[in-house]
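Please model the entire structure based on the sequences and the hints provided.
Read off the chains here:
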Amino acid sequence: MNAIVPLSTESDWTFELLQQYEREIARIAEDFKLDTYPNQIEIISSEQMMDAYASSAMPISYHHWSFGKQFLSVQNSYRRGHMGLAYEIVFNSNPCIAYLMEENTLTMQALVIAHASYGHNSFFKNNYMFRTWTDAGSIIDYMLFARKFIADCEQRHGVDAVEKILDACHALMFHGVDRYKRPYPISMHEEKRRQMEREAQLQQQVNELWSTIPVAADRGDGQAELRFPDEPQENILYFLEKNAPLLEPWQREIIRIVRKISQYLYPQRQTKVMNEGWACFWHSHILHQMYNEGLVNDGFMLEFLQYHTAVVHQPPFNSPHYSGINPYTLGYSMMQDLKRVCDAPTQEDRQWFPDIAGTPWLETLDFAMRDFKDESFILQFLSPRLIRELKLFSVVDDEEQDHLEVTAIHDEWGYQSIRESLSANYDLGNLEPYIQVYNVNVRGNRALTLRHDMHNGRPLEKENAEEVVRHLHQLWGFDVVLESVADDQVKSSIVHSELSADQH
Amino acid sequence: MTFLIDRRSNPKKKSAVNRQRFLRRYRAQIKESVAENLRGRTITADGQGEKISIPARDTRQPVFRHGQGGKITHVVPGNEEFTRGDKIARPKGAGGGGGPGQASDQGEGLDEFVFQINQQEFLDALFDDMELPNLTKRQLSGLEEFKRVKGGFASDGAPSNLSVVRSMRSATMRRIALGAGKRTELRELEQQLQALEDSPENREQRHDIESRMQVLRDRLGRIPFIDEVDIRYHRHVKEPIPHSKAVMFCLMDVSGSMDQKTKDLAKRFYILLYLFLSRNYDKTEVVFIRHHTSAKEVDEDEFFHSRETGGTVVSSALDLMKSVIEARYSPKEWNIYGAQASDGDNWPDDASRSTHAITELLPLCQYYAYVEITQAGDKPLWLTYSPLREQWPETFSMQHITGPGDIYPVFHELFRKQSA
Chain A
1 MNAIVPLSTE
11 SDWTFELLQQ
21 YEREIARIAE
31 DFKLDTYPNQ
41 IEIISSEQMM
51 DAYASSAMPI
61 SYHHWSFGKQ
71 FLSVQNSYRR
81 GHMGLAYEIV
91 FNSNPCIAYL
101 MEENTLTMQA
111 LVIAHASYGH
121 NSFFKNNYMF
131 RTWTDAGSII
141 DYMLFARKFI
151 ADCEQRHGVD
161 AVEKILDACH
171 ALMFHGVDRY
181 KRPYPISMHE
191 EKRRQMEREA
201 QLQQQVNELW
211 STIPVAADRG
221 DGQAELRFPD
231 EPQENILYFL
241 EKNAPLLEPW
251 QREIIRIVRK
261 ISQYLYPQRQ
271 TKVMNEGWAC
281 FWHSHILHQM
291 YNEGLVNDGF
301 MLEFLQYHTA
311 VVHQPPFNSP
321 HYSGINPYTL
331 GYSMMQDLKR
341 VCDAPTQEDR
351 QWFPDIAGTP
361 WLETLDFAMR
371 DFKDESFILQ
381 FLSPRLIREL
391 KLFSVVDDEE
401 QDHLEVTAIH
411 DEWGYQSIRE
421 SLSANYDLGN
431 LEPYIQVYNV
441 NVRGNRALTL
451 RHDMHNGRPL
461 EKENAEEVVR
471 HLHQLWGFDV
481 VLESVADDQV
491 KSSIVHSELS
501 ADQH
Chain B
1001 MTFLIDRRSN
1011 PKKKSAVNRQ
1021 RFLRRYRAQI
1031 KESVAENLRG
1041 RTITADGQGE
1051 KISIPARDTR
1061 QPVFRHGQGG
1071 KITHVVPGNE
1081 EFTRGDKIAR
1091 PKGAGGGGGP
1101 GQASDQGEGL
1111 DEFVFQINQQ
1121 EFLDALFDDM
1131 ELPNLTKRQL
1141 SGLEEFKRVK
1151 GGFASDGAPS
1161 NLSVVRSMRS
1171 ATMRRIALGA
1181 GKRTELRELE
1191 QQLQALEDSP
1201 ENREQRHDIE
1211 SRMQVLRDRL
1221 GRIPFIDEVD
1231 IRYHRHVKEP
1241 IPHSKAVMFC
1251 LMDVSGSMDQ
1261 KTKDLAKRFY
1271 ILLYLFLSRN
1281 YDKTEVVFIR
1291 HHTSAKEVDE
1301 DEFFHSRETG
1311 GTVVSSALDL
1321 MKSVIEARYS
1331 PKEWNIYGAQ
1341 ASDGDNWPDD
1351 ASRSTHAITE
1361 LLPLCQYYAY
1371 VEITQAGDKP
1381 LWLTYSPLRE
1391 QWPETFSMQH
1401 ITGPGDIYPV
1411 FHELFRKQSA
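Residue numbers (my numbering), protein chains in the order written: chain A, 1 to 504; chain B, 1001 to 1420.
Source of the hints: derived by calculation from the structure; they are not laboratory data.
Careful, some of the hints might be misleading.
Unchecked claim - Computed list of chain A residues with no C-beta within reach of chain B, every gap over 10 Å:
no., residue
1, V5
2, L7
3, S8
4, S56
5, L85
6, K148
7, L265
8, Y328
9, K339
10, D349
11, A465
12, H473
13, S497
As the list claims (entries may be wrong) - Result set (DSBU-like, lysine-lysine): computed pairs, CA atoms no more than 30 Å apart in a straight line:
no., chain 1, residue 1, chain 2, residue 2
14, A, K391, B, K1051
15, A, K491, B, K1051
16, B, K1071, A, K272
17, B, K1071, A, K491
18, A, K164, B, K1031
19, B, K1051, A, K164
20, B, K1245, A, K462
21, B, K1087, A, K391
Built from N, CA and C at the ideal position, the CB exists for glycine as well.
Right, dumping it as structure tokens:
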């Protein structure tokens, strides 16, 4: 048998070496049946990395001051040494674009290729959230369309007018997702054509809604008042795009663009733990496999392990470095744990995971990656053993109590409860306030009412909410009321009306 | 399938537009910050960028988020001491202590958004809505710089100037031209061959045709895809760049009545003027003239730091300025600016001579600014110069400065953009 020579023994990378590493990693990934988009790996400088930061890793985006601000603040902290830059950024598109920093050592480049171009990439391609909500094939085209459209609008209507609309849309960006309807991807030309059509039609519809011709049988026999919309709508941007009375067609199109982008980024917010866990799991596996095959030497491995442990380190709650649960740690540990349950289940595992204990791990992990999001993944797969390892405990912070109370720790009575609480913490309803369009006073002053369902009695942060309502008012054009509701009772409300606006 | 791309050489300023958008949006705040910085700025520190801080409140992007209150269940790692049912005192201050850091994830706790702008942006903010009052002269002088502009194509040149499109085009042309006759013949033979029946008596003829076709094909194949003669290079020609030049005369009274504080104020004014001029002109020279009873041309250090005593004769400085202009700075070539700072004292007998001297100077100058640094009311020199404001509204102006805070506003006033 031939002694296998390591691919390299130095820490500086060259393009030839990167290609060799990439080839080996691709081969191993294929052995492990990772299904990926083609890869486009781009080496960039730190300044370009900051650029990428500023536009949420989108390779193309429209112009907006907030991206400039983002860039300045990243640049500022980077220059002063307050933060390091990420080693890579990966964007969910087909081909899958990964940016690698030129400063990285060879080991690091190999790690991030495995992590981003095979780990994240296969997650993007196969996880059901991404498959439902995003179309990796057309996003770059769409962004191109969006950028051009917005640039045209700036030419025609002025930078300030466009900026105003974008500001308002960005404030409502997280409320521009339809959670139950699947979006259909289309190409740029198709998009362009449809946009023309929409422009003409949309205005007509809106006019109909606000037609001043009186409708017969108006408020007759004491029946419950009809609401518009009939059902509360959670996609506020969509509602505004279709129904705001005073917007110009191009303004509606801009709302739509922001909405589409928001929708594209939506799965990322719900799969952070899984996505990172999956990528860490695979970079670790792939590089270990390379080591086992003798392709990399001990020095490489030591360097890798150092990075790896830093990434998946979870400081305890009483450490000054603690800032919440590290999604990398949680995700990676859960993936590893899942493999353990498959390979070497204990009695406890058989009890908790009768379906998967002892099954082939590759298939089980693949299944777990495909059909879950953070919330359901944790609810399904967080094992007692991992709870013990991380020493998780849950604390209830109830406004009405003077003390915080520890409600569960890592013991027999606590496992299920901790699992449920942790899962709930990744429920979007818990992370972001749940706000819906509730009613429009169609016959009267056209006031728009939104309702915030107070989840566990949690209120809105007032200052922010008031500003967002001001933005809402700008899009809607008439009075806006935001009510916070708990137990079917309005607890508090924020009103922005024409009159009060004039007074200021 | 993987592509490995080196993007490092891509243009770096991808977010430059976004940066400009940001600066544009907060122009008012940035100008305020720049003016603020100017007050504390040490005079020698030009050429540097500037640190700008604007209230973080203004730059915040609001979104709906949860506030304090309600019932939250945190799940936290690293339990060492707690068991179920333990009560923990609620941590004071920073939103929930051990809880997930939701209180501020965008650095909103900071009061100021601080960032760096470069020299150019600093000057833009500083001199926004100011302009030079008179048209500038642009001159082609002997010491020219050249810029390279595209000047068509050439058949020789450096490999880096290779024009691929042109080269390929002429290669295509050559291939078509050289092959045309052979291809025509080939087509004809092809037709002949088709017309000829494949029978034994035709065999020889067919063979002739086929071998001829083969010869033609070989010849066609031998026409090179690209040849030396096809190669075209971009040609560049040098074009001289016209330069605009300005000279700035700093005139200062250094008599006993001018103390160091007053000189510092004057210095700040000169610095502003210098920055402003060098922004507008390709080349700016400075001439320092100091005077008491007699005037002398000095270097910068001496200008600001040495001290003299004695009386004040302003006309001496004006005369010197005129002779320097005559000797070195022809008004045809140079844009001439005069800036005079003084505490306003002048020898009473000198008034008429000064008036005479300055009226001779003003036609030569683009602009002449006089600043009087004084706490008291109008001084002799102010009174001497006053009538000039009416006679030379285009080129002459004068202002009072009482303290450091005045300098920028006064400067702003002097060079305010005139509405056409």
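So, going through the hints one by one against the coordinates:
1. V5: Label holds. Min Cβ-Cβ 22 Å, cutoff 10 Å.
2. L7: holds (15 Å)
3. S8: It holds; A:S8 is separated from chain B by about 16 Å at its closest Cβ, greater than 10 Å.
4. S56: Nearest chain B Cβ is 12 Å from A:S56, so the label holds.
5. L85: holds (14 Å)
6. K148: A:K148 is indeed farther than 10 Å from all Cβ atoms of chain B, at 14 Å.
7. L265: Answer for A:L265: holds, closest chain B Cβ roughly 14 Å.
8. Y328: Nearest chain B Cβ is 13 Å from A:Y328, so the label holds.
9. K339: holds (21 Å)
10. D349: holds (21 Å)
11. A465: violated (6 Å)
12. H473: holds (13 Å)
13. S497: Holds, since 19 Å exceeds 10 Å.
14. A:K391 - B:K1051: violated (46 Å)
15. A:K491 - B:K1051: violated (45 Å)
16. B:K1071 - A:K272: holds (24 Å)
17. B:K1071 - A:K491: Given that 30 Å is the threshold and the Cα spacing comes to 15 Å, the pair holds.
18. A:K164 - B:K1031: Since the Cα atoms of A:K164 and B:K1031 sit roughly 22 Å apart, the hinted pair holds (cutoff 30 Å).
19. B:K1051 - A:K164: holds (27 Å)
20. B:K1245 - A:K462: violated (58 Å)
21. B:K1087 - A:K391: holds (18 Å)
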